[in-house]
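There are 4 protein chains.
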Amino acid sequence: MAIRIFITGGTFDKEYNEITGKLYFNDTHMHDLLDMGRCRVPVEIRTLMMIDSLEMTDHDRGLIVHQCANADEDRIVITHGTDTMSETASIIAQKISNKTIVLTGAMIPIKFGSSDGLFNLGSAIAFAQTLPHGVYVAMNGRYFHADNVRKNKQTGMFEELK
Amino acid sequence: MAIRIFITGGTFDKEYNEITGKLYFNDTHMHDLLDMGRCRVPVEIRTLMMIDSLEMTDHDRGLIVHQCANADEDRIVITHGTDTMSETASIIAQKISNKTIVLTGAMIPIKFGSSDGLFNLGSAIAFAQTLPHGVYVAMNGRYFHADNVRKNKQTGMFEELK
Amino acid sequence: MAIRIFITGGTFDKEYNEITGKLYFNDTHMHDLLDMGRCRVPVEIRTLMMIDSLEMTDHDRGLIVHQCANADEDRIVITHGTDTMSETASIIAQKISNKTIVLTGAMIPIKFGSSDGLFNLGSAIAFAQTLPHGVYVAMNGRYFHADNVRKNKQTGMFEELK
Amino acid sequence: MAIRIFITGGTFDKEYNEITGKLYFNDTHMHDLLDMGRCRVPVEIRTLMMIDSLEMTDHDRGLIVHQCANADEDRIVITHGTDTMSETASIIAQKISNKTIVLTGAMIPIKFGSSDGLFNLGSAIAFAQTLPHGVYVAMNGRYFHADNVRKNKQTGMFEELK
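Protein chains in written order, with the UniProt record's numbering: chain V, 1 to 162; chain U, 1 to 162; chain F, 1 to 162; chain X, 1 to 162.
With the rest of the complex left out, here is chain V (with noise of 0.2 Å):
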């Protein structure tokens, strides 16, 4: 059972650029995760965009639809900036139904040492491999559907609406 993994930004993948001082995006760490968690389900990964979630448009999250909704697996995981996760799944789960769809992301950039992101990682990918048809949040070691999740700004922690 394939896993199709798509890549969007946000926190998880953020670097430090040690000339500017900035946080900034270089390239996605997935395939370092993958190897250190010695992951050996099958994986498609690829790249959609490599933004900041509050920076995400209309027109981003209407590519990232069709690209779940045109992969050939009906298992996805996607890697997201926090901040906006949630809509992001809500306007998912408003056009697809037929397939396990994970939505995932970091506090803390993996590059940091504590990192939440192998760990969120590592419970997305089981939750798409277990979870029925349905688009969900992983965050904080549980599952959210898309319809009943956000982000608590104080706290940081994922949490349901009701």
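In short, the hints are calculated from the structure, not lab data. Each hint should be verified, as a subset may be incorrect.
[Unchecked claim] When the alpha-carbon atoms are kept at most 16 Å apart in a straight line, the in silico EDC-like pairs for lysine to aspartate or glutamate are as follows: (1) X/Lys153 to U/Asp52; (2) X/Lys22 to U/Asp83; (3) U/Lys22 to X/Glu15; (4) V/Lys153 to F/Glu18; (5) F/Lys22 to V/Asp147; (6) X/Lys22 to U/Asp52; (7) V/Lys22 to F/Glu15; (8) V/Lys22 to F/Asp52; (9) F/Lys22 to V/Asp52; (10) U/Lys22 to X/Asp83; (11) V/Lys95 to V/Asp147.
If you're wondering where the values come from, they're calculated on a predicted model, not measured in any experiment.
Given chain V's structure and the hints, the job is docking chains U, F and X onto it.
Below, chains U, F and X alone, put in the same frame as chain V:
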């Protein structure tokens, strides 16, 4: 849905003793890893033993079975050395069928920068929430049924028997 | 031979704020780094400020000079942002000549896995013990006299003026 | 002023073999460490051996002395296991007096997240540039003369004999 976590040792929790130059067990890193993963799944952690799985006896395995049977939770994650993980899974499966029990571990100690432990823990926590009752091994991003898994000693990867 | 260590901030001590997604100052990592290096040189650590060196004012530099002049120790290490490290070194050198003062910092925050901070600190502690009285910048494994050093903004490396 | 770096093994370069569960030598991490430290001191690196210093023979030490004597550079850093570092330093000091030779190592393998190796290397590179001719051990942020140093087996720290 709370998850019970049992610690038994294994590579996962090995540390480097800088006086003797040997790997040894000090204390579990489970709390640190769950913190790093910003895990918000309710968990109850108990250390049953801290041993290399090559040294695990029938008596040790009996204790693990007993603890699984008596836990209030019906979702259980067990950290375990990889060398005999499939043997222990098989023994638990012979005794317990009304819970979801997931064994996981690491090929590289958590304290090494390149450990697979955080990824494996993320997947095990996810599998424990979503798989039906049964006993499983969660390694390499995959899950295996207790009666159909072995560690390939040459590659270090887990695989089906048939 | 005790060494006085003054903390002024800089990239060295920047952390990632997972709520805002910005880099910020929390507390110095100096104690952790000296522990990691198993450092047994007697040190006295004092935090003077926690700022980006681009925001350092004449008043701030006056405070640093004052603290260097009044320290009991005649061997001093100062952690400092790299952008204006050579300017601060030059100003200290105009006022103090009877002590060995070594400025150092990092191109990448300590909390990133790939930081140069621990290497730089090791070299600065060593230079402070062995160089004659004077003011120096210790970066890139080298030492530079305060009146003959600049940071190359293109490469991020320190170099002599002539 | 170029520095010659000789690699002899020791804890510094030990890695974890995930198939056997043993620590072993693969290749030196010196290049990675110098890159991480953004080191710009010209260096010439040569691996002489990759062994645990408890297994170092008279013949091995003779080879190290020979290589030090014949190196073009008069500033040399040697990475070495900590258990017999002071013995090797003493033997080199009996034969060579016209160069600055600094032995260093690590209490924890570089590949562990909490290694002292990068700190020690930074200090050794600095001491090699600033100390007068002689043979030294650089550990714990300090330098010791070859004829007045031992590793305290209880604490793991280096100290003067008298």
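Hints, verified against the model:
1. In summary, the hint linking X/Lys153 to U/Asp52 is not supported, as the alpha carbons are separated by about 26 Å, beyond the 16 Å threshold.
2. Restraint check: the Cα-Cα separation between X/Lys22 and U/Asp83 comes to about 13 Å, which is no more than 16 Å; the hinted pair holds.
3. A threshold of 16 Å between alpha carbons decides the hint, and for U/Lys22 with X/Glu15 the separation of about 12 Å falls inside it, so the pair holds.
4. For the hint linking V/Lys153 to F/Glu18, the alpha-carbon distance of about 10 Å falls within 16 Å, and the restraint holds.
5. A hinted pair counts as satisfied when its Cα atoms are at most 16 Å apart, and F/Lys22 with V/Asp147 does not qualify at roughly 29 Å.
6. As the CA atoms of X/Lys22 and U/Asp52 are separated by approximately 13 Å, the hinted pair is consistent with the 16 Å bound.
7. Proposed proximity of V/Lys22 and F/Glu15 is supported: the alpha carbons are some 12 Å apart, at most 16 Å.
8. Proximity of V/Lys22 to F/Asp52 is assessed by CA-CA distance (about 13 Å); at most 16 Å being required, the pair is judged to hold.
9. For the given pair, F/Lys22 sits about 13 Å from V/Asp52 by alpha-carbon distance, which is consistent with the 16 Å threshold.
10. Of the supplied pair hints, the one linking U/Lys22 and X/Asp83 holds, its CA atoms being roughly 13 Å apart against a limit of 16 Å.
11. For the given pair, V/Lys95 sits about 13 Å from V/Asp147 by alpha-carbon distance, which is consistent with the 16 Å threshold.
Of the numbered hints given earlier, the model fails hints 1, 5; all others are met.
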